[in-house]
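**Student:** Next come the chains, spelled out residue by residue.
There are 2 protein chains.
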Amino acid sequence: MKLSLNTATVKKQWNLAQMIEGCARHEIRGISPWRDQVAQMGLKEAVKSINSHGLSVTGLCRGGFFTARNWRDDNRRAIEEAHALGAQCLVLVVGGLAEGSKDLISSRERVREGIATILPEARKAGVPLAIEPLHPMQAAERACINTLEQALDLCELLQDGIGVAVDVYHVWWDPKLEQQIKRAGKKRILAYHICDWLVPTRDLLNDRGMMGDGVIDLPRIRSWVEGAGYSGFHEVEIFSELDWWQRDPDEVLRICKDRYVRFT
Amino acid sequence: MKLSLNTATVKKQWNLAQMIEGCARHEIRGISPWRDQVAQMGLKEAVKSINSHGLSVTGLCRGGFFTARNWRDDNRRAIEEAHALGAQCLVLVVGGLAEGSKDLISSRERVREGIATILPEARKAGVPLAIEPLHPMQAAERACINTLEQALDLCELLQDGIGVAVDVYHVWWDPKLEQQIKRAGKKRILAYHICDWLVPTRDLLNDRGMMGDGVIDLPRIRSWVEGAGYSGFHEVEIFSELDWWQRDPDEVLRICKDRYVRFT
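Residue numbers (our numbering), protein chains in the order written: chain E, 1 to 264; chain D, 265 to 528.
Okay, chain E solo, but in the shape it has when bound:
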């Protein structure tokens, strides 16, 4: 059972302490918390509780947003927190267009420079950086790295200490997905995120589906990722205003486990 809970999945129902206890109760052995939740609980307390419950931290969400102000301090803190939590990676949601800008090319330049700036510090802290290419529909607002190929080009440029988070929701449509997962290999795949693409999708951000409820061929993508050498956790991350955030969180975790076994 390599299931990990990205805590966004139950963020409307539980605080981090409850999420940690929930994972332990449901025998989910991995957790990937968001920084606001860690801050609310207190970093030390979070570290202590995660360790005492024996959970692996499969990632910390998130660094990035290099096109926003204050990105440098914010990413420095994110690296420190990821180090303290023993996170397997710091997930980078790199940021979209700078405010008021339509210049995607220069936004991408800024992202490249931003990552290059924080990378030495991340290496020193032993925190791998995981670029998460986001779905092209989020290019303007959240991330201007939108394909695995684009992310891997950047990884090759930056060399060590950096890889990718492969989230099926963002990449399932990509005609080059198999090829680029193979290219990424064991070295670059730092995290694997699962959920499903609903038909119809009612919102660009918060209408993700539970595994099995949508159209993503999860076993196929899993076979590519594992075939490339990835043997880490599979992290379920579901943003769902209208459905899963409205449910009893224990029910959500039960269903995550069941669907993970049956549909991924």
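Read the hints as simulated data drawn from the structure, not as lab findings.
All residues carry an ideal CB built from backbone N, CA and C; glycine is no exception.
A hint or two may mislead.
Here are a few chain E residues that sit away from chain D, every Cβ distance over 10 angstroms (derived from the structure) [what the hints assert, rightly or not]: (1) Glu21; (2) Arg25; (3) Arg69; (4) Asn70; (5) Arg108; (6) Glu141; (7) Ile145; (8) Gly161; (9) Arg183; (10) Pro200; (11) Thr201; (12) Arg222; (13) Ser223; (14) Leu242.
Quick list of in silico lysine to aspartate or glutamate cross-link-like pairs, EDC-like style, CA-CA up to 16 angstroms [said to hold, decoys possible]: (15) D:Lys440 x E:Glu109; (16) D:Lys366 x E:Asp217; (17) E:Lys176 x D:Asp417.
Covered stretches of chain E, going by a simulated chain D footprint (3 or more residues, C-beta under 8 angstroms) [as the list claims (entries may be wrong)]: (18) 126-139; (19) 165-175.
Start from chain E and add chain D according to the hints.
**Tutor:** Below, chain D without anything else, positioned relative to chain E:
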């Protein structure tokens, strides 16, 4: 003034006869009608009216949907209609996943086979086929060809009589856009569609923006397209349930012209 009106832009307000008259009244010299509108008016009547108003038919929307039933007859009729209308191309929205399927790879195979099947007939009729890569957010429901690179790979395989419709809405995010527009060149770029990407976008299909209201760098993309040798019309195509479909269509056309001059 190379503006053309894709009639979807005022489809809730006008029938095709009114659209044709509207274009003439506003001195918009190109039109790209949808087949349901042509059918409603009657093909002969549509041809007659478009010709008598001196409009260029910059495309017929649409053929494709090769993953649906009855694709063969439907595409045959579409080619005949495009021929009768003297359309510069038949736009192909190729279809998404077959019903009940999660197999994107085999859907893409079916699309390739479908296009290969109808291509000889299109060549014979002198109707170029324009594959329109759709935004990845429409991969499941409308088109499993989602990047210009993917479309051009297919064009190269199929050789003559086929190219692409470059719609900024679908491709603006693509890190390989400039490179692939250059690759496409004059030979493959059969149509150029404009509108804008709104922030936020409230609906995956029907919330497109008027040029200038969103974040697409339209002059830059235009420079790439023209730099590649394209010298045809610029076709404005706006699906907009909440805004432009609610407005007086003469106002819509006036604003299209103004924004075309100022923002593209």
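**Student:** Among all the numbered hints in the text so far, which are the ones the structure does not match?
**Tutor:** When the structure is compared with the hints, numbers 5, 6, 7, 10, 11 turn out to be violated.
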